[in-house]
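Trainee: The lines below spell out each chain.
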Amino acid sequence: MISKRIIPCLDVDKGQVVKGVNFVNIQKAGDPVELARKYYEMGADELCFLDITASHEDRKATYEIIKTTAKEVFIPLTVGGGVSSVKDVENLLHAGADKVGMNSGAVRNPTLISEAADNFGSQCIVLAVDVKRRPSSPESQTSQRFSDTRREGLGKTELTGASMSISQNLNNTVDGSSSLLGWDVYVKGGRECTGLDALEWIKEAEQRGAGEILLTSMDADGSKAGYDIELTRAVCDAVQIPVIASGGAGNADHVIDVLKAGADAALLASILHYGETTIEAIKEKMHQASVRTRV
Amino acid sequence: MTSSKEICIIDYQGGGNLFSLENSFQYLGAKTFRSSHAEEIEKADKIIFPGVGSFANAMRQIHKLGLADVITQKSQSGIPFLGICVGMQVLFASSSESSKEDNLDIVDGLNVFEMPIRKFDFLKIKQAEISEKVKIPHMGWNQVTLNENSVNPLFKDIPNGSDFYFVHSYRAHGKDADISESMRKRFPKLEVAQTNYIEDFVSHIWNGENLFACQFHPEKSSETGLQLLKNFVAL
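So the sequences go chain by chain: A and B. Adding 1103 to a residue's 1-based position in the first sequence gives its number in our numbering. Adding 9 to a residue's 1-based position in the second sequence gives its number in our numbering.
Bear in mind the hints are in silico, worked out from the structure with no lab data behind them. The C-beta atom is built at its ideal place from N, Cα and C for all residues, glycine as well. Wrong hints could be hidden among the right ones.
Label-pair restraints from in silico Cβ distances [unchecked claim]:
#1 A:GLU1193 <-> B:GLU110: 17 to 27 Å
#2 B:PRO125 <-> A:GLN1310: 45 to 55 Å
#3 B:LYS194 <-> A:ASN1212: 23 to 33 Å
#4 A:ALA1164 <-> B:GLY38: 22 to 32 Å
If you want a taste of the chain B side facing chain A, the calculated C-beta under 7 Å gives, among others [stated by the list, open to error]:
#5 ASN26
#6 VAL61
#7 SER231
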């Protein structure tokens, strides 16, 4: 049977790897090509580059990174960030990307998905979605407020508090003690709520020809309290295309949980970048938990 | 490398990413050149035939560029020839994968291998028999199993059952036993390798001589894939 995939994600800004904690407090964590090669050698099943560079001119650095990486890393490369036209998709594929992720650009112009899929095939079109729970109970409103404050730039101490609140909120919902109204789609790196319902948008993207979904839970992202299992399950039920779960990984058990919940792949960043665990250790645990993985 | 033959990569101008393959061969120290011209392909003595996108689009481009005859002929000429993904599929009889422009039920292939390509169909399988929802496309790493005692030179130094990277929604259904009499007659030493995705499908086919085709992407299959390409270079 098919293996579940482990995908390290490198957030790249002007040629350097950075990783935001809940999309703020970005820290430098190394050279992208070097990290890519390291993860390739360690057994990554795919790699993901997310270009968070603000200006279009500075994106040339990203093309160079992809070109160099593709010459020495022989696993699929997904590249996303700022993709807003068919030309952007083509440029990334020509630089050596195997799949291209689109997010805000697809929300603004959904025909981008269909046009890109018609031109290059669904197999290389990944819809990236950043979603957040709709507030539904006093607890989750607390969490919402924490998240809002966090985006304005709180320090590390407050972040821990926020993470705990999110974790409690997730548990409450899983237990069924609070009703869930669904998830909203956010764009612009999580700064803007579109009002789109996540499940409806993801279904539309599948209809339009997206070949895979990269699903990021903004509630869980950076929390290290585990992936949003309920969200992942809901999305896997809604579509037939593969789903990559992202946001919230704190340890190997979290990865196993989300893969068992139906995700086809798990996206990992900080816990790998900061050496808290290794791909090898995660795969060993997956093997023990009878989740098939490529060795 | 034991071979200095330049490898011709057939480019049917279908918008596919040929860089990955070129990068792999470059890494292995082998020379490649792209060609979309029948006369050039005719002279080649080692050919890679990659493809992505839809079957219908690939066939349309192949006919438009006048490559159908040269591909059919070269694939059976005895020179090392490797079809990859859609490049494998178009060597088969037909496919149910059309495109907006073509809008056909069934699209004819080059019919080197007389087997049809059809979409994965899990509707007939009872949900109870599947522990988890099955996704289409079949995307990710899966095991390729050769016949026991196979001497397929493309898999030299690759353990049987190794994982390769796949991404596709259509496949040649069946196993070795499903090969027709006429196909056996055409290729007496024909062998197929299988991969299981709820059902067994043909993930690799070898005519027993120098014609090979893979549904998976060796150029994206890490060290195992590089070994396969290295074996091809050495043919």
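Trainee: Next step is simple, just say for each hint if it's right about the structure.
Mentor: Hint check:
1. A:GLU1193 <-> B:GLU110: 17 to 27 Å: About 19 Å separates the Cβ atoms of GLU1193 (chain A) and GLU110 (chain B), which means 17 to 27 Å holds.
2. B:PRO125 <-> A:GLN1310: 45 to 55 Å: Cβ of PRO125 (chain B) to Cβ of GLN1310 (chain A): about 27 Å, so the range 45 to 55 Å is violated.
3. B:LYS194 <-> A:ASN1212: 23 to 33 Å: 54 Å, violated
4. A:ALA1164 <-> B:GLY38: 22 to 32 Å: 29 Å, holds
5. ASN26: 5 Å, holds
6. VAL61: 5 Å, holds
7. SER231: 5 Å, holds
When held up to the earlier numbered hints, the structure conflicts with 2 and 3 and fits the remainder.
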